[in-house]
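Novice: So you can see what is in the structure, the chains are spelled out below.
Number of protein chains: 2
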Amino acid sequence: MRRVGIIGIGITEFGELWDSSFRKIGISAGLAAVEDANISAEHIDALYVGNMSAGRFIRQEHVGALIADYSGLAKGHIPATRVEAAGASGGLALRQGFLAVASGMNDIVVVGGAEKMTDVSDVESSLIQSSAADQEWETELGVTFAGLHSLIATRHMHEYGTTREQLADVAVKNHRHGSLNPKAQFRREISRDVVLKSPMVSSPLRMFDCAPSSDGAAAVVLCPFEMAGKHAEMPIEIVGSGQASDSLALHHRRDICTMDATRLAAKRAFKMAGLRQKDVSVAEVHDNFTISEILAIEDLGFFSKGEGGKATEDGRTALEGDVAVNSSGGLKARGDPIGATGVAQAVEIVTQLRGKADERQVKDASVGLTQNVGGTGATVVVHLFRREM
Amino acid sequence: MRRVGIIGIGITEFGELWDSSFRKIGISAGLAAVEDANISAEHIDALYVGNMSAGRFIRQEHVGALIADYSGLAKGHIPATRVEAAGASGGLALRQGFLAVASGMNDIVVVGGAEKMTDVSDVESSLIQSSAADQEWETELGVTFAGLHSLIATRHMHEYGTTREQLADVAVKNHRHGSLNPKAQFRREISRDVVLKSPMVSSPLRMFDCAPSSDGAAAVVLCPFEMAGKHAEMPIEIVGSGQASDSLALHHRRDICTMDATRLAAKRAFKMAGLRQKDVSVAEVHDNFTISEILAIEDLGFFSKGEGGKATEDGRTALEGDVAVNSSGGLKARGDPIGATGVAQAVEIVTQLRGKADERQVKDASVGLTQNVGGTGATVVVHLFRREM
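Top line first, the protein sequences correspond to chains A and B. Residues 1 to 389 in the numbering used here are what the first sequence lists, from first letter to last. Residues 1 to 389 in the numbering used here are what the second sequence lists, from first letter to last.
In short, the hints are calculated from the structure, not lab data. If you're wondering where the values come from, they're calculated on a predicted model, not measured in any experiment. There could be a bad hint or two in this list.
Identical copies carry no separate label here, and so any pair may be met within one copy or between two of them.
Calculated cross-link-like contacts (lysine-lysine; reagent style DSSO-like; alpha-carbon spacing at most 30 Å) [said to hold, decoys possible]:
#, residue 1, residue 2
1, Lys197, Lys305
2, Lys75, Lys278
3, Lys75, Lys271
4, Lys363, Lys305
5, Lys271, Lys230
6, Lys267, Lys75
7, Lys363, Lys310
8, Lys305, Lys75
9, Lys197, Lys310
10, Lys363, Lys271
11, Lys230, Lys356
Generate the whole structure from the sequences, applying the supplied hints.
Specialist: This is how it looks when you write it as structure tokens:
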């Protein structure tokens, strides 16, 4: 397989973008990435788009072709492919783009992710998000997506003594990071108290434990690493890619406090990269709920099982900690336009490794990681990125 | 890139399978393919699933993980990825599986396609199918998917003198082929007269010009060609893979009587394979409407533009013709469970190249082609398959 580099990144503002359409945000992120890569449309060989549920959010399937069309790429008749695995759609699109370049099939590939969630009612949006879980054995029986995560949180607190306050600390940290990110949906710091007094969603998870519904899009441009120097001042290499699955329904898992798919995806990515956890200075993980970040930092191997809450409380995952987790603000504060999220994670890591993250820059960041989750952990994709020394 | 072979195929019956669920048919096709390949679950490295709109047909996204789970593959935590491009979803899944093996990332990959269409009302089904077209510029303005194809048909008749009877001949031929296929949804021959007197759907297209709504699933097992001999008596090689896009909306096309995406995808696939049109003895093309097959056989280069109707009338696309088109019965008679269709096409070609197509066997078939279309031609995937001499 060929080595693969990222030569361009682009991202829209995340939030309730009521004056923008799906196609508008998709194109806008793509054009920004293409401009950043110093290429023009005729250089592009293929497009991958991560999207969870445009069919239900905007009544449009076939969004790979849609984005190719409205960004002008269909004039070159390039292959355009949508990839979906609920919340992991963006990370999966990145992996397919990686494969397209690594295989030698394509040279320059644009990977985008987009979701327009706020044009339907909150109830409809919640229903759509629940379609990431097992429709027959979970959703139809009444459990919401937040409800499933509250089961995980309750069990984790019981097994490991994780506290309600530690969950809150994830949100507090990510809001602090988000306040430093001009593209974030929420740019205000919050206190523990704000989280603990926010409305209950599904006990023990409160409003500030949950990532918002968001509109937004993100894109990256890939090419063979040996060509990357021609296009980018500081190309970032994708050195590891791991993907794993697990049972769709939570109750079929070996242990609901561990995402085995995260463990396996990470193991595969680290093996491919020849790197270890201690090499990683910055990580974007899938904090759709505060408990999800605690599971993530444990299952990725940054901290032992059961110590994620304490590590967060102790500031070990803050910008200046052992590993900076969700420097962008994460899904919690940067926002979570589902299909865009996995690609937005890569955009943040590239920004950090380029040393261009301004106020939220992690010092001497040279290796970064993304962890992108579909459902309650039925799909996980982990990527590792490295700056040339 | 490594050479890629097909070592197993599986397919369900196509039709109104009211007593089966999406997961049941998906698993059933997959298990049949795995059994045919003489492998067991622990050999499988990855799964790709083609599906257009489970989110709307059965309220379930994340169907890659679903199929991995319920077929027992999630126990091995293998990567499971859903790919979507409306009607071309199955063909795209095949292409991604091909890439995964060709790149060296995976050895044994299962590619499945599935759709469960008949659990919603016909009106809802029609709406969902229309989401393959441009929601903002076509569907919202009232045109149906059949309506868009009737525009193509009318123009083709005007430009090239294609007759209403020649359109009917596509359906008559494909029903004849379908009558020889035990897995086909429609297994009865029909006459020209039956087509010409069937209810009008969108002038000039009548009921028998349209493929049905179907439930069904299909699967193939891929591996590096050099390993294929260990698993299959007669491995079939995927020698060419081409994909192309075009504008999503029909009115933006250069010429609505030509699918440029078919021309480009075919050009790319033939170039990769080092083959020419005259080498192909059997082709499965995307006859979701009778006019679609006429465009396909022209744009693939089997016949000159405008001569597709005449060629069909003259029997040149029948089992014993210049090139046997849709020996399975095609979408028209075998059925069209959207996401399954592209994979079902590959299943038919492998069956033919193995010489196992019984009554519908094409004599001395050694090279086969599939053409799978999304929307009205915004996505087209073409694959070429060859039997070792």
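Novice: Indicate, hint by hint, whether the structure satisfies it.
Specialist: Verification of the hints:
1. When the C-alpha separation of Lys197 and Lys305 is checked against a cutoff of 30 Å, the pair qualifies only within one copy, where the shortest distance is 28 Å, while the shortest distance between copies is 70 Å.
2. Taking the shortest Cα distances, Lys75 and Lys278 sit within 30 Å of each other only across copies (29 Å), while inside one copy they are farther apart (46 Å).
3. For the identical chains of this complex, Lys75 and Lys271 are inter-copy neighbours only, at 20 Å across copies versus 40 Å inside a copy, given an alpha-carbon limit of 30 Å.
4. In this assembly of identical chains, the alpha carbons of Lys363 and Lys305 lie at most 30 Å apart only when taken from the same copy (27 Å versus 62 Å across copies).
5. Proximity of Lys271 to Lys230 under the C-alpha cut-off of 30 Å is found in both arrangements, the shortest distances being 29 Å within a copy and 29 Å between copies.
6. Taking the shortest Cα distances, Lys267 and Lys75 sit within 30 Å of each other only across copies (16 Å), while inside one copy they are farther apart (41 Å).
7. When the C-alpha separation of Lys363 and Lys310 is checked against a cutoff of 30 Å, the pair qualifies only within one copy, where the shortest distance is 23 Å, while the shortest distance between copies is 71 Å.
8. For a Cα distance limit of 30 Å, the shortest separation of Lys305 from Lys75 across copies, 21 Å, qualifies, whereas the shortest one inside one copy, 51 Å, does not.
9. In the homo-oligomer, the alpha carbons of Lys197 and Lys310 lie at most 30 Å apart inside one protomer (21 Å), although the nearest pairing across protomers, at 75 Å, exceeds that limit.
10. With identical chains, the CA atoms of Lys363 and Lys271 are at most 30 Å apart within one copy only, with a shortest distance of 25 Å there and 49 Å across copies.
11. For the homomeric pair Lys230 and Lys356, the shortest alpha-carbon distance inside one copy (20 Å) is at most 30 Å, but the shortest distance between copies (52 Å) is not.
The structure agrees with every numbered hint stated previously.
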